[in-house]
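Please construct the entire structure, taking both the sequences and the accompanying hints into account.
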Amino acid sequence: MFNELFEILAEAVTVRDPSGALVYANAAALRYLGFDSVEELQETPSTSIMERYLVEDEHGRALSHDEVPSVRMLRGEPPKPLLMRTVNRDTGELRWTLLKTTALRDDEGVVLGALTVIEDVTAVKTAEIRTRALAASGQLLAMTLDYHQTLRNVAEVAVPSLADYCAVDLIDEQGRMERMAACHRDPAKQGLATSLRELPPVYLEPIHPAARVLATGTSELFEDVTEAQLGAMARDESHLQALQELAPRSLMIVPLRVPNRTIGVMTLATYASQRRFQPDDVELAEQLGRRAAVAVENAKLHTKLSDIATTLQGVLLPRELPEIPGWDLASLYRPAETDLRIDVGGDFYEFFEHEETWFGVFGDVTGKGVQAASLTTLMRTGARVACRIEPRPAAILARLDEAMAQESGKALCTALCMCLHRDHMVISSAGHPPAIIVSDGGTLREVPTAGPVLGAFPDASWPEENVPVTPGELIVFYTDGVTEMPGDDGRFGAGRLRQLLSQHGNASPASVVKRLDAELNAFTGGAVLTDDVAVVALRARPGSQ
Amino acid sequence: MLKLSGELDVASSGALEQSVDEVSDYDRLVIDLSDLEFIDSTGLSVLVAAHQQAVAAGREFCVVQGSGQVQRLLALAGLEERLTVADTLEQLLSSG
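If you read the protein sequences in the order shown, they are chains E and S. Each residue of the first sequence is one higher than the one before, counting from 0 in numbering that gives the first Met the number 0. Each residue of the second sequence is one higher than the one before, counting from 0 in numbering that gives the first Met the number 0.
Hints in this document: simulated from the structure, not taken from any laboratory. Just so you know, these numbers come straight off a predicted model, no measurement behind them. Using N, Cα and C, we set each Cβ at its ideal position, and we do this for glycine too. Just so you know, not all the hints are guaranteed correct.
[Stated by the list, open to error] Facing chain E, a subset of chain S residues (Cβ under 10 Å, in silico):
| # | residue |
| --- | --- |
| 1 | 41 |
| 2 | 50 |
| 3 | 74 |
[Claimed, not checked] Pairwise CB distance ranges (calculated):
| # | chain 1 | residue 1 | chain 2 | residue 2 | range |
| --- | --- | --- | --- | --- | --- |
| 4 | E | 389 | S | 59 | 32 to 38 Å |
| 5 | E | 488 | S | 17 | 28 to 34 Å |
| 6 | S | 1 | E | 488 | 27 to 33 Å |
[Stated by the list, open to error] Computed list of chain S residues with no C-beta within reach of chain E, every gap over 10 Å:
| # | residue |
| --- | --- |
| 7 | 21 |
| 8 | 25 |
| 9 | 40 |
| 10 | 51 |
| 11 | 77 |
| 12 | 81 |
| 13 | 86 |
If you want it as structure tokens, here you go:
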């Protein structure tokens with residue numbers, strides 16, 4: 000009667016007798032285990048049934064026959080349900096199976112056998128693994144802007160949830176394929192995978208399946224990899240040996256596609272004893288490939304922008320202040336952060352020698368980033384040129400004003416222009432915060448009275464002031480990024496700047512600037528800068544000529 | 000008349016620019032800075048551009064003076080002497 004009931008059940012059910020022998024399996028169980036009849040099952044030792052499969056728990060640990068719940072129960076241990084990942088060694092088919100065992104007892108409670116329900120949870124478990132892999136890939140791909148790391152992350156997501164081996168190749172600018180990452184599930188084979196990764200970039204033979212994937216953007220699946228297929232992928236004899244040693248059973252190559260092209264390929268493989276890839280595995284790998292490709296493109300774009308930024312920065316700022324004989328100088332330059340992370344800004348300074356006299360221009364073009372920075376070049380080189388025509392600060396500002404007015408757009412520029420002498424300074428201001436001169440005793444004076452900003456008014460002219468400066472006095476130029484820097488406690492303000500200079504103005508220009516930088520940092524609490532900051536401090540050394 | 004309050008900086012000056020465009024049909028543009036707490040160089044450049052446009056179109060351009068930092072920056076940039084600056088809005092209205 001029970002038999003009849005079991006036979007019509009969709010669930011697979013087996014029974015072991017107390018000796019551990021499989022004595023019964025319903026039709027569903029026979030199908031699941033691959034037997035034609037109960038007799039055939041009974042004649043096969045259950046250990047050898049298990050040997051037909053590669054059996055692991057969900058963490059990839061190999062499971063032995065002793066750990067099967069029914070065997071444990073008959074040993075007197077609690078028969079905890081067991082989730083198994085099995086791969087049929089012949090067919091390469093992957094299955095997830097949940098085993099639940101209960102004891103069959105007689106009226107006296109004596110154990111008659113172990114009844115096991117075998118539940119096929121492959122669909123649920125596979126979907127779960129895929130969802131998890133894609134979710135993990137999203138996190139890992141967003142983690143870094145270093146695309147080498149991005150690709151290593153991709154490989155690590157793929158192994159072991161999707162495959163035993165994953166390699167990622169990109170096409171370089173010469174059209175060669177370069178291996179960026181390789182990950183093998185088996186630590187013993189990781190060395191080999193790494194050595195393959197370190198091979199130099201290579202032009203692909205058209206026969207190589209990856210060449211087809213690159214050309215068509217369509218994935219290639221080799222459910223059972225043949226010797227000939229391995230041969231097509233090998234560069235030479237020793238490469239072929241290495242591939243044979245990796246012994247892929249099943250292999251797929253999917254494109255790394257961005258909207259208009261394929262930037263590389265991802266190769267996924269299972270090794271000899273393992274499962275065969277199915278078309279839905281390819282689909283998942285393609286999804287991962289698309290995500291990886293976008294992440295790589297973003298990271299590459301960022302790298303390129305950073306390179307451009309570094310080049311621009313080199314052009315847009317004097318690398319360091321020049322050595323002015325008899326003077327000590329120090330500067331601080333912190334550009335505002337922009338979305339592009341290009342560290343250039345509208346603040347600028349330039350010191351240059353003209354007929355044995357030193358001139359300087361120090362200023363701030365409105366706006367931030369590359370656009371403002373490009374105008375700073377105009378101001379810096381413009382000042383040098385203007386100085387040759389008429390070496391007077393007010394005349395230099397007048398020419399810079401013309402240059403600024405000719406620029407399209409509404410950008411303005413504030414600037415100080417000065418001519419440095421040991422005992423005095425000729426200085427002119429175009430709407431710029433005044434220079435602060437700190438005496439030995441810590442008293443401050445501010446010079447000069449400002450004229451109009453550059454680029455704003457057609458009829459403007461600039462007053463020039465002749466300011467006596469005693470050698471040993473500290474001269475400080477700064478942009479409003481210093482005084483207007485926002486913090487928790489309002490703006491940094493001229494007051495804080497003046498106090499710092501009054502107290503520490505006797506220190507070297509370098510340490511004054513360093514202290515100011517530290518105070519600004521403390522004031523903002525290390526927050527992102529919203530405006531450029533520039534400071535130059537200089538002092539004529541007393542006594543030297 | 001445009002009345003500004005809060006802070007006129009890189010983040011907010013785009014809005015002022017747009018507002019100035021919208022009122023460009025009037026003969027007289029008054030920008031009231033009396034409630035403005037802070038202005039930076041970008042904000043300043045919008046005021047200068049508005050002034051230049053007004054002058055080019057033969058329109059009148061006035062500002063009602065701001066407090067502390069705002070007025071200092073206007074003075075520093077040389078705007079104070081070039082713009083019609085009134086102490087209060089009332090003063091401006093009674094004069095014009």
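A quick look at each hint next to the structure:
About 5 Å separates the beta-carbon of residue 41(S) from the nearest beta-carbon of chain E, less than 10 Å, and the hint is met. Contact between residue 50(S) and chain E, as hinted, is supported at the beta carbon level, the nearest pair being about 8 Å apart and thus within 10 Å. For the restraint placing residue 74(S) at the interface with chain E, the shortest Cβ-Cβ distance is roughly 8 Å, inside the 10 Å limit, so the hint holds. Distance hint check for residue 389(E) and residue 59(S): the Cβ-Cβ separation is about 37 Å, which falls inside the suggested range of 32 to 38 Å.
As the Cβ distance of residue 488(E) to residue 17(S) is approximately 32 Å, the hint placing it in 28 to 34 Å holds. Range check, residue 1(S) to residue 488(E): about 31 Å between beta-carbon atoms, so the 27 to 33 Å window is met. With a least beta-carbon separation of about 17 Å from chain E, residue 21(S) lies farther than 10 Å from that chain, consistent with its non-interface assignment. No beta-carbon of chain E is positioned within 10 Å of the beta-carbon of residue 25(S); the least distance is around 20 Å.
Under the 10 Å C-beta cut-off, the non-interface status given to residue 40(S) relative to chain E is violated; the minimum distance is some 4 Å. With a cut of 10 Å on Cβ distances, residue 51(S) falls inside the contact zone with chain E, its closest approach being about 7 Å. With 10 Å as the threshold on Cβ separation, the claim that residue 77(S) sits away from chain E is violated: the shortest Cβ distance comes to roughly 3 Å. Separation of residue 81(S) from chain E is inadequate, the least Cβ-Cβ distance of about 6 Å not exceeding the 10 Å criterion.
With a closest Cβ-Cβ approach of about 22 Å to chain E, residue 86(S) is found to remain outside the 10 Å limit, as its non-interface label requires.
Checked against the numbered hints above, the structure breaks hints 9, 10, 11 and 12 and satisfies the rest.
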